[in-house]
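Engineer: Listed below, chain by chain, are the residues.
There are 2 protein chains.
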Amino acid sequence: MKARVTIMLKDGVLDPQGEAIRHALAGLGHKGVAGVRQGKVIELDLDATDAEAARSEVTRMCEGLLANTVIEKYSIEIA
Amino acid sequence: MKARVTIMLKDGVLDPQGEAIRHALAGLGHKGVAGVRQGKVIELDLDATDAEAARSEVTRMCEGLLANTVIEKYSIEIA
Chain A
1 MKARVTIMLK DGVLDPQGEA IRHALAGLGH KGVAGVRQGK VIELDLDATD AEAARSEVTR
61 MCEGLLANTV IEKYSIEIA
Chain B
1 MKARVTIMLK DGVLDPQGEA IRHALAGLGH KGVAGVRQGK VIELDLDATD AEAARSEVTR
61 MCEGLLANTV IEKYSIEIA
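In order, the protein sequences belong to chains A and B.
Just so we're aligned: 61 in my numbering is position 61 of the first sequence, and the numbers increase by one with no gaps anywhere.
Just so we're aligned: 71 in my numbering is position 71 of the second sequence, and the numbers increase by one with no gaps anywhere.
With the rest of the complex left out, here is chain A:
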């Protein structure tokens, strides 16, 4: 079973890396970009076969290691 975790900075948190990307895109002529946010994606290959159990375990992974929940939000897709 595959899981994909997407981790982004929370909305109120400044994202200088995203701003740097926006600036670089503008320098390359892509002027129509109003904002950029940058985050991480982690694809997990799980032994679990039950989707609910997998989601519950991945949630524990996010809370315990993958995301810094003070400044980051995460979403989990199970496939």
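Take every hint as true, because none was put in to throw you off.
Remember, identical chains collapse to one label, so a pair may be satisfied in a single copy or spanning two.
In silico BS3-like cross-links for lysine-lysine, where the CA-CA straight-line distance does not exceed 27 angstroms:
no., residue 1, residue 2
1, 10, 31
2, 40, 73
3, 73, 10
4, 31, 2
5, 2, 73
6, 40, 2
Bear in mind the hints are in silico, worked out from the structure with no lab data behind them.
Given chain A's structure and the hints, the job is docking chain B onto it.
Structural biologist: Then chain B, alone, in the frame of chain A:
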């Protein structure tokens, strides 16, 4: 119009960061993780209003700046 670009290392390319995450998860007791791949996600807020034009511009951004197409693959979602 929003676009989300997901950038992952190509399948044959070693991903030591993903392997480090797998190792750390195993150390925390998450033994049922067979593999981990780590990548980037970039959310773009675009002035464009046409989905096809937006996809075409984001593709140019990926080829020109966002992805290293020698070792990385990217996928684009327009919303």
